[in-house]
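Here the structure of chain A is known, so what remains is to put chain B in place on it, guided by the hints.
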Amino acid sequence: MHDTFSRRSVLGGLGLGASMLAAPAWAQGHSVHGGGHSRSGPLIPAGFDEVRGPVVDLSIGSGHRIVQGKRGPGIAVNGSVPGPLIRLTEGQDVRLNVTNNLTVDSSVHWHGLLLPFQYDGVPGISFPGIKPGETFTYKFPIRQAGTYWYHSHSGLQEQSGHYGPMIIEPRGSEPIPVDRDYILLVSDFTTLDPHFIMNRLRTGEGYFNRQQNTWTDDYPMSAEERRMWAQMRMMPTDIADIGGKTYTFLANGRGPNEGMEYLFKPGERIRLRIINGAAQSFFNIRIPGLAMSVIATDGQPVRPVEVDELQIGAAETYDVIIEPGLAAAYSIVAESMDRSGMALATLASAPGLRADVPALRDPPLLTMADMGMNHGDGGMDHGAMGHGGMDHGSMPDAGATPSASMSMDGMKMRDTSLLPPDVAIGPGIDMVSMAPVDKMGDPGLGLRDVEHRVLNYRMLVARDANSDVREPSRLLELHLTGNMERYMWSFDGRMYSAVSDVPIRFAWNERVRVKLVNNTMMAHPIHLHGMFFEMVNGQPAELQPRKNTMIVQPGASAQFDLTANEPGDWAFHCHLLYHMHGGMMQTVAVMGPETAS
Amino acid sequence: MIRVTLAALALGAQTTPALAQDHSAHQAEPDPHAGHDMSAASQPAAEPDTTDGMDHSSMDHGTMDHGSGAEASASPGPEMETPPPPEAGSGPPRAADAIWGADAMRASRADLQKTHGDYNLFWFQADRAELQMRDGADDYLWDLQGYYGGTTSRFWFKSEGEGSFDQRIEDLEIQALYSRAIAPFFDLQAGIRQDLAGPDTTHGVIGIQGLVPYMFEVDTALFLSHRGDLTARLEAELDQRITQSILIQPRAELNLAAQDVPELGIGAGIDSFELGVRLRYEIIREIAPYIGVEQTWRAGRSADFARAAGDDPSVTNFVVGIRLWF
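Residue numbers (our numbering), protein chains in the order written: chain A, 9 to 605; chain B, 4 to 329.
In case anyone wonders, no lab produced these hints; they're calculated from the structure.
Where is the CB? At the ideal position from N, CA and C, for every residue including glycine.
Treat the hints loosely; a few may be bogus.
Covered by chain B, according to a simulated footprint, are these stretches of chain A (three or more residues, beta-carbon under 8 Å) [to be verified]:
| id | segment |
| --- | --- |
| 1 | 129-139 |
| 2 | 234-243 |
| 3 | 489-495 |
| 4 | 546-557 |
Simulated restraints on C-beta separations [said to hold, decoys possible]:
| id | chain 1 | residue 1 | chain 2 | residue 2 | range |
| --- | --- | --- | --- | --- | --- |
| 5 | A | P429 | B | A110 | 29 to 37 Å |
| 6 | B | D315 | A | A231 | 37 to 45 Å |
| 7 | A | V458 | B | I287 | 32 to 40 Å |
| 8 | A | G360 | B | R109 | 54 to 62 Å |
Just chain A, with the same shape it has in the complex:
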């Protein structure tokens, strides 16, 4: 039998990171000063320490980070990036004293936690923010267990390193016995000021994409396909807005050459808590030679399901169990979705041992199906588009010649009559999905035709039955909308700046099915604060998996069921940081029990 979950083993694993920390003077925040995203100030080390207890003190400061020799801006919690592991126990009360040593406002949002809305940490929605020099005390009872994380909800601070992991141990003993318990927090590092990034996303087309179509690329695209994309004024290479030329992808704050290492002994059972703390990146996670048994997502347990690879959207978490065999080492590969780079860590049976690192795979391409052109089949999800496949089915008169078919498609890529009347039609919508279908079974861009087992949302089944299995009383349909050229992002065609005073409203304890329709060619990880929803993924209501962040695939729809039983105002947004700042955000207002009729 395995050892029970032990705190020491966790620390042992973290110790490799923590031992590299500078003196804990950082953690006290004394030397921390400064405001924005400058590259001056003290060096912020990578890796994290651990804090726990009924009272947790955190300080936010600025400095600079050096990743693989590249110097970039840093905003740190307790002096490290990521910030410290906050370890709490279900059922405890916690006081988190957060001191802001920046020269600008800051905040901490506890991602995925059930708490009174005023402690959710979103300036302008849940509280006024934390002023420079001020200490704000968050206090709330811990009502859940699992893997979570926290990050700034002020400005673009998250990009510069203001994030960290959180583990909440279940009341009683951990039902999942493991020998070691490790955190893998993947994120994206840049030498650039994030405000510069936001500016260039708005003003420079494809500024951060170094994998664009060119005359000399080797993408498997026909001349006809290239012509068609140009006709549509869209880029099939727009997988991630920001690629590996700009980002260095991090594992627990370390670049791929900086040796993030987890120790193991053959035959041990290891829980790896994977957190995507990236500002703007999705990752494909795999450990060549090892299967991963997914046991939780967004902190909530699911029935174990074994896969060889999974795609994790920004802000999602997955807990997986791995059982390393006799190899000396295994590479944990977190390839960015656009395959422009990877975060890398090693499972090593002795310090310093390394396994082969697989080369980056070829970048994926968007297809017609990612524009919502699903002509009755899924055949267009393959890497290269099948024109034969596009001509059959619902467009009988379009198949005369390929070009006739294409130009018809081109005209249909923005048929606003397909949108419901509550969507504001305007320049902020450059595309309308023609026939959006539910793609909960989609493993994600680039993973649709890999040979091994890849996770998709349909494979997730709640381990513990949901308490509210009422049939939803109404449907709320929200359209994810955008304009790539202007870098406008929105729900229902209205950017947050236009609807900051127009919340999405729910009655107390109302059970609502929310349908998200993605009218863009990008995958959006949509996050609801303060509540879990259950993904409508083919499971019966009691077994629908609980999540707080759900990827809506390009051109597709996705649904969740929500019991609106956490009163207050909550943020609801795309968790790609620059999409949120581009407007894809809205406030959700849940009425309190006193309003129930």
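Then chain B, alone, in the frame of chain A:
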């Protein structure tokens, strides 16, 4: 439709998709997926539970359009959107005001609104800043533009100028425009243009700027001068990437006039036509030196005006310049 297909596959009924059409069967046997044990560690590697990879040639698409698929029976829910009940309340979100006070919330709420979505920024581009070389004189030319504003409403300015190094500047114009998005890829622009070289001329401007299919950047404008002369300009350029950093840019410009404007050397009809191609290297995205060649033709009465002024109505220039933006 895909969901129905998936249900069929999950039931292992790939060859009998008709099974998946029978929704009453689903109700009797609540969930096709539940019967299919997802929790088993021995889940088959080729689990066909994805949106693709299925053999759709064997499916009858025509019969798959009804119902909403497997979910409807596994976890039923409403199909039509309905408004929230009255108990959902109304008005702006102000829950935090009750906790922290309206005054305390005001600044952060305004800041959140200001920074998430539509906010103003500044953009400047020197599309062409170049030397034009041919036998005889060498000329210089600039073609600048920029804006300050939000995503759909902007103050836009443009300036073009050219001349020879050994002479007084030949053309110098500046435009100040209000630019409003009228479509995802197009702005309608209106304002004034002032010509500062040659006879002082003020024009009213109305035009459309944007991106047409096939990624051509176009800039078209009508100009009505204070003397009542109507002219038009149509510009189009196309950025084609040869590599990630080397681009080739064909460019065309057509100037038209509704009447002769002798004091500006413009003849009615086609005044001039320019065709050029530039090859540029992006040192960084914002800084790209280029070389190229451009041919300009004056036509009809304009050609006559040119000849009368001692100029050749057909000119080929080699150009070297730099494209900048920030």
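Hints, verified against the model:
Figure legend: the segment 129-139 of chain A, annotated as covered by chain B; annotation consistent (8 residues with Cβ-Cβ distances under 8 Å, at least 3 required). Coverage of a stretch by a chain is defined here by at least three residues with a beta carbon nearer than 8 Å to that chain's beta carbons; for the segment 234-243 of chain A and chain B the count is 5, and the condition holds. Only when three residues or more bring their CB closer than 8 Å to a CB of chain B does the claim for the segment 489-495 of chain A stand; here the count is 4, and the claim holds. Coverage of the segment 546-557 of chain A by chain B holds [criterion: at least 3 residues with CB-CB distance below 8 Å; count 6].
As the Cβ distance of P429 (chain A) to A110 (chain B) is approximately 35 Å, the hint placing it in 29 to 37 Å holds. For the pair D315 (chain B) and A231 (chain A), the beta carbons lie near 39 Å from each other, so the given range of 37 to 45 Å is met. Distance hint for V458 (chain A) and I287 (chain B): a CB-CB separation of about 35 Å, consistent with the stated range 32 to 40 Å. Evaluation of the 54 to 62 Å hint for G360 (chain A) and R109 (chain B) yields a pass: the beta carbon distance comes to about 56 Å.
Taken one by one, the earlier hints all hold for this structure without exception.
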